[in-house]
Amino acid sequence: MLLGMDKSGKKPSKKVREGGRMLAFVKYFVLIVMVVVIIFPLFFVFMSSVKSDDEIFLNPFGWPENPLFDNYKIVMVDMQMWRYMLNSFYYGFASVAVILLCAVTAGYAIARMRWKLSGAALGLLMTGMLIPMHAVILPLYLSVRRIGVKSPWIVLVLIFAAFGLPKSVFIMVNFLKGIPKSIEEAAVIDGAGLFKIITTIIIPLLAPAISVCAIFDFLTVWNDLLISLIFINDRNQRTLQLGIMMFKGDYTTNYDSLMTAVCCAVIPTIILYIFFQKKIVSGLTSGAVKG
Amino acid sequence: MKKNLLFILAVLLIGGMMLAGCGKKDEVAKTTDENQGGQNEENEKEKVEINVWYTANESDPNDRDHAWMSENIELFQKENENITIKTTIIGGAGGADYRTKLSAEIAANNAPDVFMTWGWGRMAPFAEAGKLYDLTDFIQNDPEISKVINEDNLGGVTFDGKYYGIPDAVDLHGLFYNKQLFEENNLELPTSVDELIELCDIFSQKGITPISFGNSVTWAVAIPYSTLLADITDEGFSDELWSGNPPSFTERPYIESMEALNRLVEANVFTENFNGIEVAESVAAFKEGKAAMLLQGTWQCSGLDAALGDNVGFFSFPSLSGNQVIQKAIPKAYAISAETEYPEESLAFLKFMFSPERQKAFSEKGAFVATKDVGIDADALSSVSKDIMDIMSLEGERYTYLFNVAFPDNLTTETQKVIQGCTMGADIEESFEKLQTFKEQSN
Amino acid sequence: MNKMYSNKLSILLLMLPAMILFILFVPVPTASLLYGSLCNWDILSSMEFIGLKNYIFLFTEDMFFWTAFKNNIFWMIGSLTLQILPAFLIALILSRPIKGQKLFRNVAFLPVALSGTAVSLIWYFVYHGEIGILNQVLRLFGLTDFNKAWLMDAEIALFCVLIAVAWQWTGYYMVMMLSGILQIPEEVMESAKMDGANSFHMVKDIIIPYLQPVFKVTIMLATISSFKGFDLVYVMTKGGPNHATDLLALQMYEKSFSSGMYGYGSAMGAVIMGLCIIASGIINFAFRKSVED
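Protein sequences appear in the order of chains A, B and C.
To convert, note that position 288 of the first sequence is 288 in this note's numbering; the numbers rise steadily by one, no gaps.
This note's numbering runs 1000 ahead of the 1-based position in the second sequence.
This note's numbering runs 2000 ahead of the 1-based position in the third sequence.
If we strip away everything but chain A, and leave its shape as in the complex, we get (with noise of 0.2 angstroms):
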């Protein structure tokens, strides 16, 4: 099902033709240097990642001379980048799952339910989004400490959740909004309790919310240094961003492993999107066909 297909398969009139030539060859022109602005830059990261410290200095733009493929053994392997890796994989993850179950509910009751509330509590939850991070994060971790939680492995990830909750709810409210009722209607004449439409009918439907919030999210946690750099003291826990830090010191910075490191960063990024992408599209396919 795409767009801009005519029903009765007429082939519009030679002057719209031309018109239409006309117009596709701005759009080409348009997506084509926007192409070439984003390919380029991460071309030539991919690049520095592979040359050394001098060279990416005295050739910043060339070919790398001697591939130094070995950066990224040194630093996957023997900085343990791989380690931090897993740990980004899993705030990411725990975070994204905590946000969506949170959003997903909370959504839903402020776009459908009725109480006089609703309109209060989205007020409520959205005021998460206004706190300026670095006013507040030192307190927040001071106040967390003296309860007595030491380990960041459960308080992070609720603390990343809590941060990205106001942005998704946002998002799934605004997108509930936009779904008829129809659907859920026909569903309770049918019989069925509001955890079965919630389960079968709307978190479907939501599917491209659901991605969209849900690569948003990941991709914030996947990116954070300041809350993580407070919160997390074990070299073990330490999450790829901190681990990027390694190769800054007060004297020198190592360029060429920096880059190395900010691939490996990247790499994971762009296949995981490229997998919830599909979802995206999929969802919003078989979202758009009415039953």
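Any given hint could turn out to be false.
What the hints assert, rightly or not - Chain A regions said to be covered by chain C (calculated; three or more residues, Cβ under 8 angstroms): (1) 62 to 71; (2) 89 to 98; (3) 121 to 127; (4) 170 to 176; (5) 204 to 218.
To be verified - Selected chain A positions facing chain C (Cβ under 7 angstroms, derived; list incomplete): (6) V35; (7) N223; (8) T269.
Bear in mind the hints are in silico, worked out from the structure with no lab data behind them.
Beta carbons are placed, not taken as given, at the ideal position from N, Cα and C, and that holds for glycine.
Take the given structure of chain A and dock chains B and C to it, following the hints.
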């Protein structure tokens, strides 16, 4: 499709938890050890674990702090089997992230037992809040330590007449130079600003960057400024600067020094657009022979040695009058938390670090140790290190620090921005007037 | 059926997870932010209540607050123009069948996957005075006069960072808008075509109205992000040269972390929060008639 996704999620979550479990187990094991250690007071040598923190670039073999400290930690544990050291190394440019994390832990009453920090303005808040262990007694009365600590170098760690840290090295700020390039052009080391400008002109005309300089870190431009300022003021003025309450910024010496610095900038002695250049880039240019000189600190020694060997030398940044002004850098220092549970073991570690053997080892890694009488073999030093040691042992020369070293942090940052802004064309008198207003407001 | 939708227990259970999370982590920081802003606090010792002194100083005497504030307004307008508009245009283009549609869609999103460190590294090499891509391209076109150290030019530096931010985040908003466009029911599009609507009318009369909720979300997110904008500016210019690219969040960071003035930093944080509240109020009001068929 969804089921697969859930499956993958579950596997990763479980996998993550298992890893977490590994981490937790270690923590639990250690805590049990500590508890037992605390309870077994009959045992002379309880098992003790102390936390040691420092900042370094772990991936750089030439990072002298990492090389030295990791050895210290390893050797100390071998010699003291009952003491385990848990190390935390935090990277990040300029040590900023390290300081953030350290402050967080100190504020949470979870400070490491022994940690690296800086002297002067950065140590002040900790000292004043009573978070640092008083080392005065240790420094003055411990039989071995008292012999090697050089009291001249304790300026930055003294607060209220007491010592709160031990500085690790004395570094200088100045100019590294490529000996070959100087010889090829029959040039001698400049001692005055005028000579420097002439010399730089010769290099520029040959397409060689005279002074490679990267000031994206903002603070480095205060190096030449401080030398120029010290040169045209007297010791009394300097004393006021170090007291933390400087003379008004509207006074003439500040302005004149800035004008002199601008003269240098306009004469193109520095890398073009140096305010946007990263330090690593400026160092790379010098190593490749594209620049005749490098404006940096002597901590760069080990890296430059490795790249240029005997071909690199060092001299002080020239002054207007031609008199030498030797500029010292802010020392790093090691301190002990006031709330440490293991003061004895922490002091023992410090003692080990500052023992003659370890100090010699530090010196071999390119550091100019702050201690004295530790038996450093002058001949074993590299060529540039010898240059630097020669300068440092000069008597009677004018010594100075960065002029903003003793200011409170926000004033220090502001002065750096003002100087940087002036080199880019901001009105000098106006900028310094604003700076004075800023300073008055902060009190 | 209405009973199901008004069942109090169901509502409670549905809201519970989110509310627990909220209660655990939002009130405490907010309270500390607001109370801390009324104190002198260096985080190492206890807070010392000083009333509204921080705020008074902030608004009347702080030399850099108003520069940062002005920059934030510019930053907000720039963010919306450089991110929301292109996002919409590209989403429009990608909503029609076009060769390589999937590829373009995926590429557009790539920069979002990068961390602040990565993006700032990349743009360091774009804006570099000597070897930067931008200057090299200008040289290719003979426009050597325009070569400069972009991030060091007080007048244009902020705009340059905005471009880097837009480079990273436009894809994010584009994906949301694309979802929104693809969600418009097929029948609506079909009937409009049957009525003889051309592309322009389609956009104006069908797509834009249908996208109101999406516009609201994206504009809200972009605006609030802009007030909290910190990461890229910090790494690329640190607020330089000499405060030209200073932002409120940067000032807050400097006062809190570098200078140890947490009370004052909290006051700045409270101001940022206030701005976000005002902005979201305005946006909510502007979009109050959101599309419900």
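Structure-based check of each hint:
no.	hint	in the structure
1	62 to 71	violated (count 0)
2	89 to 98	violated (count 1)
3	121 to 127	holds (count 5)
4	170 to 176	holds (count 4)
5	204 to 218	holds (count 4)
6	V35	holds, 5 angstroms
7	N223	holds, 4 angstroms
8	T269	holds, 4 angstroms
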